[in-house]
Amino acid sequence: MILAIGSSPVASLLKGTELPGVFVLKKELPYLKSLKEHLARARNVVIVGGGLNGVELAAACSANHQLHITLVEQLPRCLSGVFNDDTCILIEEKLRRKGVAIITRAAAEELEGCHRVEGVRLTGGRTLPADVVVLATGIVPNTLLARQAGLATDENAGILVDEYMQTSATDVFAIGDCAAQKFLASTGGSLTRQAGPAGHEARVAAANLFGLKRAREITVKKISVAIGDLVFGSVGLIKISLAETGTGMPTTALAHDVIAKDLAVKVVYVRETGATLGAEVYGKPLIRVRETMNNLASAIERQTPFAGLALA
1 MILAIGSSPV
11 ASLLKGTELP
21 GVFVLKKELP
31 YLKSLKEHLA
41 RARNVVIVGG
51 GLNGVELAAA
61 CSANHQLHIT
71 LVEQLPRCLS
81 GVFNDDTCIL
91 IEEKLRRKGV
101 AIITRAAAEE
111 LEGCHRVEGV
121 RLTGGRTLPA
131 DVVVLATGIV
141 PNTLLARQAG
151 LATDENAGIL
161 VDEYMQTSAT
171 DVFAIGDCAA
181 QKFLASTGGS
191 LTRQAGPAGH
201 EARVAAANLF
211 GLKRAREITV
221 KKISVAIGDL
231 VFGSVGLIKI
241 SLAETGTGMP
251 TTALAHDVIA
261 KDLAVKVVYV
271 RETGATLGAE
281 VYGKPLIRVR
291 ETMNNLASAI
301 ERQTPFAGLA
311 LA
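Residue numbering for the sequence shown is 1 to 312, as defined by the numbering used here.
Just so you know, the hints here were simulated from the structure itself, not pulled from any lab data. Computed from a predicted structure; not experimentally measured. Ideal placement from N, C-alpha and C gives every residue a C-beta, glycine not left out. A hint or two may mislead.
Unchecked claim - Here are the computed distance ranges between Cβ atoms for each label pair: (1) A40 / A215: 42 to 52 Å; (2) R43 / D162: 17 to 27 Å; (3) A207 / A60: 34 to 44 Å; (4) E28 / E217: 39 to 49 Å.
Put together the whole structure using the sequences plus the hints.
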């Protein structure tokens with residue numbers, strides 16, 4: 001039996017990452033202290049990547065009014081993989097009001113500088129001045145070994161597995177960041193690339209090594225980002241991809257601006273059955289947003305229909 005555990009390398013092909021002033025965003029205390037020291041001396045900061053880490057870093061850096069911060073995202077919107085477009089627009093507007101310049105539909109092509117970083121050249125030829133560059137371009141599933149072995153994979157999702165963590169080869173199992181994130185319509189939830197679900201997958205795979213005995217549980221993802229005093233949260237399935245649904249894609253609908261106290265809640269549900277798939281929550285304070293997110297996650301796990309949600 002083979003147990004395949006995926007790694008998640010930073011997706012960056014930029015040249016010159018060895019230049020002083022260039023950082024790949026990672027959670028290591030000495031490394032982050034060095035980044036903080038560089039930021040204290042900087043004036044122009046370019047953050048490459050408008051995902052959760054990039055957006056949170058831009059919001060944190062905006063507290064230093066001496067910094068000119070530019071956030072570069074190659075997709076049409078920041079956080080487009082986490083929220084729907086209208087919520088992404090609200091988040092971008094909030095960042096701009098905090099002084100963050102946002103450039104979308106552009107990718108960083110090359111880092112410029114001799115003895116230290118001096119700028120970032122974008123696709124199209126524009127160059128942004130930079131004293132500090134942070135690469136927050138995210139993680140991608142490492143499926144090289146799986147593809148070489150002939151296992152079924154999805155380019156974006158990872159190695160395709162069933163509910164037993166079994167790949168297309170019956171004696172090979174995949175868990176963690178390399179394993180495809182599949183949405184199961186009967187449960188109304190999806191797995192996320194987080195430590196908790198990965199640990200659960202490891203226990204499931206280990207239990208099935210000598211015979212299929214245990215199916216994985218579907219956990220509802222909960223993601224939140226705070227920008228100033230406003231908190232944005234995503235619960236469950238917000239956007240459906242073919243890799244998540246397989247062939248039986250449900251017809252979904254989005255209920256806009258359902259208000260619960262002083263929060264805005266948007267619910268994604270299946271038209272045919274009314275089953276709740278996911279929701280977006282934004283408002284304040286943080287504790288109320290998270291409480292609402294937890295209630296919605298529990299409702300989705302119980303397969304509560306949209307009409308039965310208690311939001312007020």
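Let me make sure I understand: some of the numbered hints might not hold for this structure. Which ones are they, in numerical order? Hints 2 and 4 contradicted; others consistent.
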